[in-house]
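Listed below, chain by chain, are the residues.
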Amino acid sequence: MDEIFGIPAPLLFGQLLLGLINGAFYAMMSLGLAVIFGLLNIINFTHGAQFMMGAFAAWMLLEWLGLNYWWALVLVPIIIGFTGVVLERLMISRLYKLDHIYGLLLTFGVGLIIEGIFRNQFGSSGLPYRIPPELQGAWDLGFMYMPIYRGWVVVAALVLCLATWLLIEKTRLGAYLRAATENAPLVQAFGVNVPRMVTLTYGFGVALAAIGGVLAAPIYSVNPQMGTNLIIVVFAVVVIGGMGSIIGSIVTGFGLGIVEGLTKVFWPEASATVVFVIMAIVLVARPAGLFGRA
Amino acid sequence: MAIQRRDLLAAGAAAATASLAGPRSARAQAANTIRIGVISDMSGPYRDTTGPGSVVLTQQAVQDFGARGFAVEVLQADHQNRPDVGANIARQWFDQGVDAVVDLPTSSVALAVNQIAREKNKVHLNSGAATSDLTGPQCSPNTVHWTYDTYMLAKSTGAAIVKQGGNSWYFITADYAFGHALERDTSNFVRAQGGRIVGSARYPFPATTDFSAFLLQAQSSRAKVLGFANASTDTVNCIKGAREFGLHRQMKLAALLMGVVDIKSLGLESGQGLLLTEAFYWDLNERTRALTQRVRAKNQDRPPAMVPAGCYGAVLHYLKAVADMGVAAARASGVDAVGRMKAMPCDDDAFGPGTIRADGRKIHPGYLFEVKAPGASTNPWDLYKLVATTPGDEAFRPLAEGQCPLVRS
Numbered sequence: 001m002d003e004i005f006g007i008p009a010p011l012l013f014g015q016l017l018l019g020l021i022n023g024a025f026y027a028m029m030s031l032g033l034a035v036i037f038g039l040l041n042i043i044n045f046t047h048g049a050q051f052m053m054g055a056f057a058a059w060m061l062l063e064w065l066g067l068n069y070w071w072a073l074v075l076v077p078i079i080i081g082f083t084g085v086v087l088e089r090l091m092i093s094r095l096y097k098l099d100h101i102y103g104l105l106l107t108f109g110v111g112l113i114i115e116g117i118f119r120n121q122f123g124s125s126g127l128p129y130r131i132p133p134e135l136q137g138a139w140d141l142g143f144m145y146m147p148i149y150r151g152w153v154v155v156a157a158l159v160l161c162l163a164t165w166l167l168i169e170k171t172r173l174g175a176y177l178r179a180a181t182e183n184a185p186l187v188q189a190f191g192v193n194v195p196r197m198v199t200l201t202y203g204f205g206v207a208l209a210a211i212g213g214v215l216a217a218p219i220y221s222v223n224p225q226m227g228t229n230l231i232i233v234v235f236a237v238v239v240i241g242g243m244g245s246i247i248g249s250i251v252t253g254f255g256l257g258i259v260e261g262l263t264k265v266f267w268p269e270a271s272a273t274v275v276f277v278i279m280a281i282v283l284v285a286r287p288a289g290l291f292g293r294a
Numbered sequence: 001m002a003i004q005r006r007d008l009l010a011a012g013a014a015a016a017t018a019s020l021a022g023p024r025s026a027r028a029q030a031a032n033t034i035r036i037g038v039i040s041d042m043s044g045p046y047r048d049t050t051g052p053g054s055v056v057l058t059q060q061a062v063q064d065f066g067a068r069g070f071a072v073e074v075l076q077a078d079h080q081n082r083p084d085v086g087a088n089i090a091r092q093w094f095d096q097g098v099d100a101v102v103d104l105p106t107s108s109v110a111l112a113v114n115q116i117a118r119e120k121n122k123v124h125l126n127s128g129a130a131t132s133d134l135t136g137p138q139c140s141p142n143t144v145h146w147t148y149d150t151y152m153l154a155k156s157t158g159a160a161i162v163k164q165g166g167n168s169w170y171f172i173t174a175d176y177a178f179g180h181a182l183e184r185d186t187s188n189f190v191r192a193q194g195g196r197i198v199g200s201a202r203y204p205f206p207a208t209t210d211f212s213a214f215l216l217q218a219q220s221s222r223a224k225v226l227g228f229a230n231a232s233t234d235t236v237n238c239i240k241g242a243r244e245f246g247l248h249r250q251m252k253l254a255a256l257l258m259g260v261v262d263i264k265s266l267g268l269e270s271g272q273g274l275l276l277t278e279a280f281y282w283d284l285n286e287r288t289r290a291l292t293q294r295v296r297a298k299n300q301d302r303p304p305a306m307v308p309a310g311c312y313g314a315v316l317h318y319l320k321a322v323a324d325m326g327v328a329a330a331r332a333s334g335v336d337a338v339g340r341m342k343a344m345p346c347d348d349d350a351f352g353p354g355t356i357r358a359d360g361r362k363i364h365p366g367y368l369f370e371v372k373a374p375g376a377s378t379n380p381w382d383l384y385k386l387v388a389t390t391p392g393d394e395a396f397r398p399l400a401e402g403q404c405p406l407v408r409s
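Going line by line, the protein sequences match chains A and B.
Counting in UniProt numbering, the first sequence runs from 1 upward without gaps.
Counting in UniProt numbering, the second sequence runs from 1 upward without gaps.
Quick caveat, the hints were computed from the structure, so don't treat them as lab data.
All of these numbers come straight from a predicted model, not from anything done at the bench.
Where hints are given, some of them may not hold.
[Said to hold, decoys possible] Which bits of chain B does chain A cover? Going by a derived footprint, with three or more residues having C-beta under 8 Å, they are:
{"id": "1", "stretch": "47 to 59"}
{"id": "2", "stretch": "107 to 118"}
{"id": "3", "stretch": "152 to 162"}
{"id": "4", "stretch": "212 to 222"}
{"id": "5", "stretch": "253 to 265"}
[As the list claims (entries may be wrong)] Footprint (simulated), chain B over chain A, 3 or more residues, beta carbon under 8 Å:
{"id": "6", "stretch": "37 to 49"}
{"id": "7", "stretch": "117 to 127"}
{"id": "8", "stretch": "132 to 146"}
{"id": "9", "stretch": "184 to 193"}
{"id": "10", "stretch": "275 to 282"}
All residues carry an ideal CB built from backbone N, CA and C; glycine is no exception.
For reference, chain A alone in the conformation it holds in the complex:
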């Protein structure tokens, strides 16, 4: 059997592919964070809870209203995005003039409260959510058995990331957004309603987290802690990519997924730490992040 660094080649390819799949989640989550930070200057620590709410909303639509996965994919980002809009209007909008730390503390607290409420209501052990029948089964790739659903997650994440990048970099709306980031009063003077744009941007970032939650529901157990475990890594991704950089969060998201996958082959015990080691190195060598502007 062919071996690379003492690891059978099929296993290595398999792990690379899995890394890509996990990277898809990291990219999707960090994209939402980057969009929110880029425009609002808010470090959104509620993101993990909003990801979890997305998964729970998908479960509720199925169990309570009989609406399947595809409906959830459309409705959940709208519903959870709307809760984000309410949160921004009621609370976050009051903090823009203050230091970053206030936004961080507020969103962190709100995240803990949401998680606590879901734990009280649904318990901690999680709820089952089945893979939609259209995406069940697996392809035999020769070197590994590839579940169709995981392939779908990668494709969906890539499409979403690309669409978001195009929206922000190539459209008129995106140009307004970027301009407002640079100089909000000037953009407002041109007749653009900046506060409303800011609110909708937050809602959009939250909707991205919610879609991530729907995509994750059939793979992981739907439970109140599911976002907490992910959010810490995702923050490291954003820091490595450069706070607020769209392309940075996409590339680092996929890249770190692959690095983590390889660590799981060579030294499983370190797999949870490797992302943070890279983060420390990047912070020392390039404090603004790989794609950030100092």
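With chain A fixed as given, assemble chain B onto it according to the hints.
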């Protein structure tokens, strides 16, 4: 105004008298009251398998025990799965006159509280913790380990799978004390039966949510059995992943610690065919069904899980011992109370007849179950089919092998 002020003064005086009288009357009452504190995971990953359910079943034990000339008070607290928090609560409660602590899931917390109960000469009735060290090197004359332990799980599930031809094993293990103990105990049984261990992947706990990389490694090991030395959500995510990647077609999946709540969360579709071991299942016999009937409405309309059922059995037996020896004597010495528990034969609706050994190990049968297919399940909690019963005297580690100092002396 003056009248109002006078009223206020009078009210203040009354309140002061009341607060003076308060503790005195509580103390007078306390002499004839047994206070039992449930310390459990009320907010973390083990909440659904222990926590509030353990409180409900403890209260049920008090109710079923009935009025026999002394009062019983039940308190509850959340240890957050942290040994320091658990130890602080236990210390404070013992100083405030709590006589026994119950449940204590999470092995690290249980071992910490074990020391304090001994130091303060109180009673530690453990149902939730898995580590077999509680009746081994760390055994205590103040402790009864009631429900299950890593040795029992490993022996029942591990041996059954080797017998079915699963003679080569790969483990996915939570990288902390509990996972290591479960892997070690299971490996010993597999080797003793002539099987071999191909390898293991130890994943960071609790920071891991995606297990696919470890599953792929397990697959490439070409072992016949994949053992999960972990618990709760991690096990559920592992099994979901194993099905997704088609591992169940090549390997036998062995969940070494799993209960009804986990199976419910996994769903029968993914869980069918799994072998697992429990000491209690609500639908086991007439008595377990009768107990379930009594508590179901109070327990969020769910049948009791294994660990809460253990709290029921342990508390009921403790109260019988208190009644037998008298409240004053039981409160005076935890060692004496546990000694009386060991001297009396046990019998309750959850576990049936049994005994408590010198090392504190409660002895009752272990049951090997197979998870039903969705078509074979007749109601939402009809989850298991009984495969084998290990009698009490074979289910747990032999007394002489445990290295418990109480036994040697």
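Results for each hint:
1. For the stretch 47 to 59 of chain B, the stated coverage by chain A is satisfied: 3 residues place a CB nearer than 8 Å to a CB of that chain, which reaches the threshold of 3.
2. Check result for the stretch 107 to 118 of chain B against chain A: violated, 0 residues qualifying (beta carbon to beta carbon below 8 Å, three or more required).
3. Given a C-beta distance limit of less than 8 Å, the hint that chain A covers the stretch 152 to 162 of chain B is violated, as 0 residues qualify and 3 are needed.
4. Closer than 8 Å: that is the beta-carbon criterion, and the stretch 212 to 222 of chain B has 7 residues meeting it against chain A, so the requirement of 3 holds.
5. Counting residues of the stretch 253 to 265 of chain B whose C-beta sits closer than 8 Å to any C-beta of chain A gives 4, which meets the bar of three, so the coverage hint holds.
6. Requiring three or more residues with a Cβ within less than 8 Å of a Cβ of chain B, the coverage given for the stretch 37 to 49 of chain A is violated, as only 0 such residues are present.
7. With a cut-off of 8 Å between beta carbons, the stretch 117 to 127 of chain A has 6 residues touching chain B; three or more are needed, and the interface restraint holds.
8. With 3 residues carrying a beta carbon less than 8 Å from a beta carbon of chain B, the stretch 132 to 146 of chain A meets the three-residue requirement, and the given coverage holds.
9. Residues of the stretch 184 to 193 of chain A with a Cβ under 8 Å from some Cβ of chain B number 0, which does not satisfy the need for three, so the listed coverage is violated.
10. Proximity of the stretch 275 to 282 of chain A to chain B, defined as three or more residues with a beta carbon under 8 Å from a beta carbon of that chain, is not established by the 0 residues found.
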